[in-house]
Structures are given as C-alpha cells and as structure tokens.
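Sequence order for the protein chains is D and C.
Its first residue numbered 154, the first sequence is counted upward by one per residue in the working numbering.
Its first residue numbered 154, the second sequence is counted upward by one per residue in the working numbering.
Be a bit skeptical, because a hint or two may be false.
Any copy will do: because identical chains look the same in the list, a pair fits if it lies in one copy or spans two.
The calculated DSSO-like cross-link candidates involving lysine-lysine, where the alpha carbons are at most 30 Å apart (straight line), are [as the list claims (entries may be wrong)]:
hint, residue 1, residue 2
1, K166, K180
2, K267, K166
3, K166, K206
4, K206, K180
Honestly, the hints are just simulated from the structure, not real lab data.
Treat the numbers as computed from the prediction; the structure is a model and nothing was measured.
Number of protein chains: 2
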Amino acid sequence: MGLIEGVQITPVKIIENPSGNIMHALKQHESSFAGFGEAYFSTVQCDSVKGWKKHREMVLNIVVPVGCIQFVLFDGRTGSKSYMQMQELQLSPGNYQRLTVPPGVWMAFKGRSKGLNMLLNIGSIPHDPAEADNLPLKNDLINYQPFLI
Amino acid sequence: MGLIEGVQITPVKIIENPSGNIMHALKQHESSFAGFGEAYFSTVQCDSVKGWKKHREMVLNIVVPVGCIQFVLFDGRTGSKSYMQMQELQLSPGNYQRLTVPPGVWMAFKGRSKGLNMLLNIGSIPHDPAEADNLPLKNDLINYQPFLI
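With the rest of the complex left out, here is chain D:
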C-alpha cells in the first residue's frame, strides 16, 4: 500500500464546545480546494461497500463527520508514478482528516461502524454520470480481497 500521487490527507480541526462541537470541512484558501461544484452526503451501511468508481474530471474532498468509513484507492492513471498502486485509510470523527482524491483514481469505501456512516464530499464540479466510470466490486483490474469477503 503506497501513497498515490496527488492524493492528500489533511488534518481538519474539531473545535470542542459543551453545547456541541464545530467540525471544519474545507476552506476556499486551502491548497486542496479545487473549486465548488456540488456538496453531497453519502451514507454507507455497516459492511456494505460502494464502488469502484473513478472520476475523469471531479476532484473529491471528503470528510467523515459521523461513523467510520474505510476507503481504498487504486491509481488507474498510466502516466502516474504510482500507477497500479493502492492506498487504504479509515476516517471517522476520531481520525478526522480530509481525503482529497484527484481525477483518474479509483475509489471504493465500506461502512465500518454499526451506526450511521456518513461522508461529505465537496466535489469540484457538479455530479455528471458522463465523467465517471464504474467497475463492479469483483473485476479483472483491481483485486482487493478485503472488500470481497
């Protein structure tokens, strides 16, 4: 499991408050910000997997404010130094970091806690099915056993 070129993992602040915490997500001036196209939540049941999906244009900026989600990334960019490499990480409020995924990188994610598992993605362009590719979980390109069990 290497580090995929262009993937960024950035610590994000949680400001504690007795009435309820503030959890940062993304600011305009941060280096991983790549434009605002759309913000949406995706939830994933415990042990369910969503993916594989690859965007051709969208940069993803993801935080997990609720639950725990395991992400696996696979570099499908032929010109990249990390071509064919994989990277795995688990995000939650307890490991509150932002995952920035450049175009051309395949991603799948799995719910890891029994309650609600929820991510926020701030995509650099609005949702457009024409700029995304999908592969079934079991395929000939990406062999990642933990997701198939």
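Put chain C on the given structure of chain D with help from the hints.
Using the frame of chain D, we list chain C on its own:
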C-alpha cells in the same frame, strides 16, 4: 411568525439506496448558492441553544443530515420589509430542506433530538469573527420565549 425577506427554504433530494442513501446539499448552479467560502459542521446537544448570531457579509446555506434542529430567525435589517419579524422552522432528514440565510438576519438554533444533531453550513465567505455579531440568548432586542425555557 412571517417569512423573512431573502430567506429561502429549498427542498433537497435524498436518493435512497439499500447500501446507504445519497443526500444532496448544494450545487453551484442553484439560485441560493452565493459562493464558496467555507464548509463546516456544527453540532448541538439536545435542548442546548447556539445563538444569537448575525453575519454582516456571509450568506449561510444550511442542511441538517442528522438529528433535528429548530431554527429561529429574526430580521435585524432596518430597510427590510420584514424588519423585526421572526421565522421559525425545524429541519431534519425527515424534513430535508436547505435554509438560506442572508446577511443581517439574526439566527439561533436548538437541538431537538436526543442523539446527534448536526448541521452543515456552506458559507459564502470563510469564517471571520469580525463580520459576525453576537447577542446573549436573553437580550433586549429579540424576545423569543421558547429558547429561554
């Protein structure tokens, strides 16, 4: 409780999926989008109140993907048709709408469910304490009894 000038309440889609739902928040081309300055979560304990706060520049775009939050707005803009009027609403995944609050409108909000109550705000400018005014819950300008009980 009237409708405050410039406040928008926009239904937002939830796309149901057995692996986990997708919940829209905000798109670039929607009329209530006013620029991307910063996205952050604010959580509020059951029966706790955050507010009053008024922004001088920031437009707020708020959704509540988890729990239930009661919002009260008060129009403090002397030139507004709804000057001194109040507006109240309760948002949750079951009443999944986006609340757009223009500058100059005071807001307070209260957690209404016993679990996690969480809002996402997509602010039109980054957080800047110099452009926000605060008032204690009990004050001479805004008299809203339910928040004081």
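Can you tell me if K267 and K166 fall within 30 Å by alpha carbon in one copy, between copies, both or neither? both (25 Å within a copy, 25 Å between copies)
When no copy is named, should K206 and K180 be tagged within, between, both, or neither for a Cα gap of at most 30 Å? Result: close both inside a copy and across copies, 25 Å intra and 21 Å inter.
Checking an output row: K166 and K180, CA cutoff 30 Å. Within, between, both or neither? Intra 12 Å, inter 25 Å, cutoff 30 Å: intra and inter.
Identical-chain pair category, K166 with K206, by Cα at 30 Å: Result: close both inside a copy and across copies, 28 Å intra and 22 Å inter.
When each numbered hint is compared with the structure, no violation occurs for any of them.
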